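K.L.:
One letter stands for each residue in the lines below.
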Amino acid sequence: MKLTRRKFALLGTTVLATSLLLGKSPAVAQENQTLVIAVPSDPVGIDPAVNRAEPIGSEIILNIFDTLVAWTPPSFAELEGRLAQSWVISADGKSFDFKLREGVKFTDGTAFNAEAVKFSLERTRALNPYVEATLGLIETIDVKGEFDLTITLSRPFPAFLSILAQPQSAIVSPSAVAALGEGFSAKPVGTGPFILRDFTESTRVVLDANPEYFRGAPKLSRLMYRIIPEASTRRLELESGGIDMIQQSGQLSAVPAEEMTAFANNLDIQILQSPSQIIRQLEFNNAATEGPYADIRVRQAIAHAIDYDGLLSGIFGGTADRVYGPLTSNSWAYDPAVEALAPKYDPAKAKALLAEADIDPATLSTKLYGFQGALWGAVATFVQANLADIGINVEIAQTEFPSLRALQTAGEFQLLLDGRQPWYNDPDAHITIGYLSSLRDTAMTFRMPADEQRDALILSAQGEADVTKRRELYQEIQRDIVSYVPGAYLFSPKLIIFARANVQGLVVNSAPPLNEYWSVYKG
Amino acid sequence: MTRYLLRRLIALIPVLALVLVMVFSLVRFIPGDPAMTLLGPGATDAQIAALRAQMNLDQPLWQQFTSYVTGLVQGDFGQSLKSGKPVLEEILQRLPATLEISIAAVLLAIVVGIPLGVVSAARANSLPDHALRIVALMGVSMPAFLLALILQLIFSTWLNVLPVSGRISSYYFFDEVTGFMLIDAYLSGEKGAVLSALSHMMLPVCVLAAFLAATLSRFIRSSMLETLDEDFIRTAKAKGLSRHQVIYTHALRNSLLPAVTVVGLKFAEMLGGAILTETVFSWPGIGRYMFEAISNRDYPVIQGATLVFALMFMLVTVLVDLLYALLDPRVRRKLK
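Residue numbers (my numbering), protein chains in the order written: chain A, 1 to 523; chain B, 1001 to 1336.
Among the hints, erroneous ones may be present.
Said to hold, decoys possible - Selected chain B positions facing chain A (in silico; Cβ < 10 angstroms):
1. Asp1045
2. Ala1148
3. Ser1156
4. Tyr1171
5. Val1280
6. Pro1284
What the hints assert, rightly or not - Restricting the straight-line Cα-Cα distance to at most 27 angstroms, the calculated cross-link-like pairs of lysine-lysine (DSS-like) are:
7. B/Lys1085 x A/Lys187
8. A/Lys219 x A/Lys144
9. A/Lys522 x B/Lys1191
10. A/Lys144 x A/Lys94
11. A/Lys118 x A/Lys187
12. A/Lys219 x A/Lys187
Unchecked claim - Derived DEER-like restraints, expressed as beta-carbon distance ranges:
13. A/Leu127 x B/Leu1137: 54 to 64 angstroms
14. A/Gln85 x B/Lys1085: 36 to 46 angstroms
15. B/Thr1261 x A/Lys187: 47 to 57 angstroms
16. B/Glu1190 x A/Thr72: 47 to 57 angstroms
17. A/Gln85 x B/Leu1311: 56 to 66 angstroms
18. A/Gly145 x B/Lys1085: 34 to 44 angstroms
19. B/Pro1143 x A/Tyr345: 39 to 49 angstroms
20. A/Gly523 x B/Glu1190: 25 to 35 angstroms
21. A/Ser232 x B/Thr1261: 31 to 41 angstroms
22. A/Glu122 x B/Lys1085: 25 to 35 angstroms
Hint data in this document are derived by calculation from the structure and do not stem from the laboratory. Treat the numbers as computed from the prediction; the structure is a model and nothing was measured. Glycine is no exception: its CB is placed at the ideal position from the N, C-alpha and C atoms.
Assemble the whole structure, with the sequences as input and the hints as a guide.
P.N.:
Written out as structure tokens, the structure reads:
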């Protein structure tokens, strides 16, 4: 029995010794050639025909496929040709003539040509309900030659090129689809800089470099997405060097200021920031034609009660930007005139407006709905304190996403903290879905009441082919909306990526926040 | 013995049925519409309605339930709402990862917990006893995720000797054969792969084992103290046996039997702990699968995973009963 005790002691020592000796996993070749990115969940739909703009799957698509056109870094304000060499848009804005790049091959060896483009876009349009409103506008795709084709739309839609830069419009290998059938979604084949090597659910997605890539082989030989659901685990992994990069997760979360400070003091970690086109707002139930909030003075009073700059400095510590109206200042259609029109922080004016409307602020007490999470909690508390200053007491109700969405589309709220994230780089993505009154009962809208003039303006801006005229129309719409005060525009969070200091060459895409890793390398 | 086993197995059926009913109805009290969650913020109402119909969510509850049970009997656990894949396939794919750390944790808990309990009892109320009791109390009461975070901070961030999460270093790449990373790493023949897999297992196994080891040592201590008061111990001492013989041969053997029950019962709580442990260590097992399913409202997955957890627990209970019959002559005699 004495022996057993010794054995136990021996075992304990061995366990301790092994753990110390093992150290971290021994470095294996290629460490410098592999970029490990942490993401919070499995990608959904790494096939353009099934992708519903889920961010992780969308980003992977953009790295294993190419689109006809893409936004040009670093400003992402202009489109450049990818698989398309050049294009001409007809005067009526309905047809697009593309001259395609020659000599490109899919990673299965199939040659890229106009037929592949026609096949891909038609396949996605037929299979993916998500693109009904966009690729659904395609009337015909005429293949005019091996590398020439014309896409004709049923009505003018200038944002169409922007749609063609989206992951859903990526070009797939027709022969791989023919060979794999439905299995293509698990083994997608494109022309992109990387090739899908392995996807183990809950664990990782491995992409290997495509040495034959037409823009030149990527600098990395492997790209690995590790699926790490816990934010604290992602942070520890980055600090200990287990991963190279953390992507800002999801559409609704942002990074708390404390985290920024912790990383900012760490020399091994760099913080990449880029302004986004995401908007967060305190919105009213604008569809309600009765009740106190139907009175514009009440809406103005609330918008004047919010300390916008205090919110940015106090809660975001520089990780968010001001936003004054329905478009962010980095949109090409942004109208700086809204900055003067937008209500400013002025509690005295807010009180005066309520007095003028003859409304006792105590009667405006309501629930302030918002998303879950610490950051949204902090925003809600800040707004709550601002409203209390003018005598309005609100109760914060942080609600799970599906329930909140249900409340919003049903109009069962008076004050709600919400957000809008455009999924393609065009003002249309904010304006039409957000403010067209016929869409008010769908998700992510401001529930705007019917207004013939405004609705007509929105639709004409959506269809205007001339860029200058289109910008003017959108500027008019912005001024109109800001004057209506459909909510208080709170902030626009920056896109933030945390990476190890040796990660180089990444340009953060602003809208949508999907990055390409072709140019990235580890120094 | 066979009849006894059969009886035990039959008795499990109503328990299983109850689990099914409870899981099925509980899940439907959670607020939120799964179709809306799945489609995300950009979905139109028509898309949401179509998905609801496709998932039978528009049918009455009892109909959803009967079609679920009928499917189960045929080995059909339904399809994950998120991935669209069969739930059973996804569970089987993740089961080895959970088994790997659970088995290791039980073994570690036994190897550590029992000796600590014995030392505590043999030197009751001494300094080492008090120290061990405090440690055990912490082990029992500390939430798994907190312990996990503390261990990650100490061993990964500060000492930098163990990896934070995952099952193997990102730089190894080989195909899965058995699903057990240790075995697959060995089979791959890659240099260092087994060591990498081992070092990745260490922290999650310790976290899982902590609760069980602490419970076990506390239990062994009190049960030993009780046994040490018995007449036969006095007899053993009186006939001149050494202190070690008294403690290990007479007292420990008699205290171990109820410990089997404790291990069996606490195994279930350990599986509960696996949900958080696997999430914190991003260990791709059933616990994390369930955690993600709950946040995604993935009904078929929640049901399937709960069912598997319940099955595992029930199997362990039967195993404990069988072990009892094997180990304790009194129980064996009763069966006859």
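K.L.:
Hint by hint, say whether it matches the structure.
P.N.:
Going down the list of hints, with the structure as the test:
Look at B/Asp1045: its Cβ gets to within about 6 angstroms of chain A, closer than 10 angstroms, so that hint holds up. Using the Cβ-Cβ criterion of 10 angstroms, the hint placing B/Ala1148 at the interface with chain A is satisfied: the shortest such distance is roughly 9 angstroms. Nearest Cβ of chain A to the Cβ of B/Ser1156: about 5 angstroms, under the 10 angstroms cut. The hint holds. The criterion of a C-beta within 10 angstroms of any C-beta in chain A is met by B/Tyr1171, whose closest approach is roughly 4 angstroms, and the hint holds.
Look at B/Val1280: its Cβ gets to within about 5 angstroms of chain A, closer than 10 angstroms, so that hint holds up. With its C-beta approaching chain A no nearer than about 4 angstroms, B/Pro1284 sits inside the 10 angstroms limit, and its interface hint holds. At most 27 angstroms may separate the alpha-carbon atoms for a hinted pair to count; B/Lys1085 and A/Lys187 meet this at roughly 15 angstroms. At roughly 36 angstroms between alpha-carbon atoms, A/Lys219 and A/Lys144 are farther apart than 27 angstroms, so this suggested pair is violated.
Restraint check for A/Lys522 and B/Lys1191: the C-alpha separation of about 24 angstroms stays at or below 27 angstroms, so the hint holds. Between the alpha carbons of A/Lys144 and A/Lys94 the distance comes to roughly 17 angstroms, so the proposed pair stays at or under 27 angstroms and holds. For the hint linking A/Lys118 to A/Lys187, the alpha-carbon distance of about 21 angstroms falls within 27 angstroms, and the restraint holds. Simply put, A/Lys219 and A/Lys187 have alpha-carbon atoms about 23 angstroms apart, close enough for the 27 angstroms limit, and the pair holds.
About 58 angstroms separates the C-beta atoms of A/Leu127 and B/Leu1137, a value consistent with the hinted range of 54 to 64 angstroms. Under the hint 36 to 46 angstroms, the C-beta atoms of A/Gln85 and B/Lys1085, about 40 angstroms apart, fit the expected range. For the hinted restraint 47 to 57 angstroms between B/Thr1261 and A/Lys187, the CB-CB distance of approximately 50 angstroms keeps it satisfied. Hint check: B/Glu1190 to A/Thr72, Cβ distance near 42 angstroms, so the stated range 47 to 57 angstroms is violated.
A C-beta distance of roughly 60 angstroms is found between A/Gln85 and B/Leu1311, which places it inside the suggested range of 56 to 66 angstroms. Between A/Gly145 and B/Lys1085 the beta carbons are some 42 angstroms apart, a value that agrees with the proposed interval 34 to 44 angstroms. The hinted range of 39 to 49 angstroms is satisfied by B/Pro1143 and A/Tyr345, whose Cβ atoms lie roughly 42 angstroms apart. The supplied range of 25 to 35 angstroms is met by A/Gly523 and B/Glu1190, whose beta-carbon atoms lie about 27 angstroms from each other.
For the pair A/Ser232 and B/Thr1261, the supplied restraint of 31 to 41 angstroms holds, since their beta-carbon distance comes to about 36 angstroms. Between A/Glu122 and B/Lys1085 the beta carbons are some 27 angstroms apart, a value that agrees with the proposed interval 25 to 35 angstroms.
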